[in-house]
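Q: Letter by letter, the chains look like this.
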Amino acid sequence: MEPIHSYTDKKSYIDQIDPISKLLFAFVSIFITYLFSSIPITCFVLLISIVLLMVGRVLRKIVPLLAISFTLLLSIIIVQGLTHPTNEMPLLTLGTIVFYQEGLTFALLITLRVFNMLAAFGVLILTTKPDDLMESLMKQGMSPKISYVFLSVFQLIPQMRATLGKITDAQRSRGMETEGSLMIRIKAFFPLLGPAVLSSLNMTKERAIALEVRGFSSKGKKTFISEEKSYFYPKFVRCGLIILLIAAIVWRIVG
Amino acid sequence: MKSKGIWSLNFSTIVIALIPIAVAINYLGKVIIETLKLPLWLDSIGTVISSMLAGPLIGAFTGLINNIIYGFTLSPISFVYAITSVVIGLGVGVMAHKGWIASISKAIVIGLVVGLLAAIVSTPLNIMFWEGTTGNVWGDAFYLYLESIGMPQWVASFGDSVVVDVPDKVITVVIGYLIYQSLPKNLIRLFNNNNEIEKL
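These protein sequence lines map, in sequence, to chains F and H.
Everything in the first sequence is counted per numbering that gives the first Met the number 0, starting at 0 for the first residue and increasing by one.
Everything in the second sequence is counted per numbering that gives the first Met the number 0, starting at 0 for the first residue and increasing by one.
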């Protein structure tokens, strides 16, 4: 079964940074791009994220993430180019439609911010195994119940996708059509969704019993089975990021 | 236990087992829509069902977890809309437990209310992060139309969200309601009086 998370072990330097620092990095980086409405600063922050992706050897894997946001970016460029309130300088005329320079500049800023949001989170999600992130968060005091919820989603989705595949095959073999006009496709929706949802909801009871049998809700202190990974000076990296954040805020207020 | 009402945040084991399954159902809805190429999202069916079963707070929590997981796997953009998912869970949960899941027509009302709530919450997010558009073709076309007749940005952005969210949420809640209706009663009862052990 194909996992749904995008992590692969590349054994790069970025893998040596602890997950919480990477999470913090994503927030600091995105916050700075929204703090300053300046294209050079946003470019610079984006460049840092891209360099980190390159060091982590995952730059190419960011492309599918960008593709998902393509329509959002396209609509930002069109809408701002046409209707931004400060529009004055016509830049491009297509028939009766006029794109303005101010709007397009503004759209460029937003596009860079969105790119940075994807790249900065990319640094976290492409180089961190979900299990490692959850373990780090639990050591910071997050409830193991919440961690269970997250990790079991990662395990459940491939499993349920396989179930859905079986149901689709079964329904097709009894003559249900999944391609054709809109009406045919709408009709196919319920025979696919219904059995998949009911069978998965029925699993809740079994899973709850399985958890109880393993003493999931016992009050004792939980221990970890996997050995703790050693990361590159976690406290130092986190402090550095927080100082950077404070410096950026001070600069914004003073400057 | 029943006196604790709908606002009790009771993380009993059955609820802990329900949340990941609800998130996975959201994902299935999305996958089916993509396979059948239907022009909708329907990616919050699981959130709606978990609100109906376990109350508004658990529904809200499901919505939150859902968007965080999407953020980690499919697109970081969905972190931004985590609050919208929380509101969908809260809205459906409150209305369901006030007795609004008695019939299809009432379920449609829940869908309308939740769709409007979702639009109200999404509008400031859309304005703050991408100046008002949503990336949905129909919604953004409506945005351009509203801007062209001289509406202020927040009205246009709200219109954009309403066009997108209301029909989607109405259909989502109706589907959630139909599934909830067909669940076996003993499964529903597990959530109604969880942790309550009856002694003979």
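Among the hints, erroneous ones may be present.
What the hints assert, rightly or not - Capping the alpha-carbon separation at 30 angstroms, the derived lysine-lysine pairs in DSS-like fashion look like this:
(1) K184/H to K165/F
(2) K204/F to K220/F
(3) K105/H to K138/F
(4) K128/F to K29/H
(5) K105/H to K10/F
(6) K186/F to K128/F
(7) K60/F to K97/H
(8) K165/F to K10/F
Said to hold, decoys possible - Derived list of chain H stretches under chain F, where covered just means 3 residues or more per stretch with a C-beta under 8 angstroms from a C-beta of chain F:
(9) 12-21
(10) 25-31
(11) 74-83
(12) 102-111
(13) 137-150
(14) 163-174
Claimed, not checked - Computed spacing ranges between beta-carbons, pair by pair:
(15) V97/F to I187/H: 40 to 48 angstroms
(16) A101/H to F235/F: 54 to 62 angstroms
(17) W153/H to P39/F: 42 to 50 angstroms
What the hints contain is simulated information worked out from the structure, not anything from laboratory work.
Cβ coordinates follow ideal geometry from the N, Cα and C atoms, glycine included.
Q: With reference to the structure, classify each hint as holding or not holding.
A: Hint check:
1. K184/H to K165/F: holds (26 angstroms)
2. K204/F to K220/F: holds (25 angstroms)
3. K105/H to K138/F: Outside the cut-off at roughly 46 angstroms; violated.
4. K128/F to K29/H: holds (24 angstroms)
5. K105/H to K10/F: violated (55 angstroms)
6. K186/F to K128/F: violated (39 angstroms)
7. K60/F to K97/H: Measuring from Cα to Cα gives roughly 47 angstroms; hence the hint is violated.
8. K165/F to K10/F: Given that 30 angstroms is the threshold and the Cα spacing comes to 37 angstroms, the pair is violated.
9. 12-21: holds (count 8)
10. 25-31: holds (count 5)
11. 74-83: holds (count 4)
12. 102-111: As far as the segment 102-111 of chain H goes, the hint is violated, because 0 residues have Cβ atoms under 8 angstroms from chain F.
13. 137-150: holds (count 5)
14. 163-174: That given contact is violated, which follows from only 1 residues of the segment 163-174 of chain H lying within Cβ reach (below 8 angstroms) of chain F.
15. V97/F to I187/H: 40 to 48 angstroms: violated (58 angstroms)
16. A101/H to F235/F: 54 to 62 angstroms: holds (59 angstroms)
17. W153/H to P39/F: 42 to 50 angstroms: violated (29 angstroms)
In this structure, the hints that do not hold are numbers 3, 5, 6, 7, 8, 12, 14, 15 and 17, in rising order.
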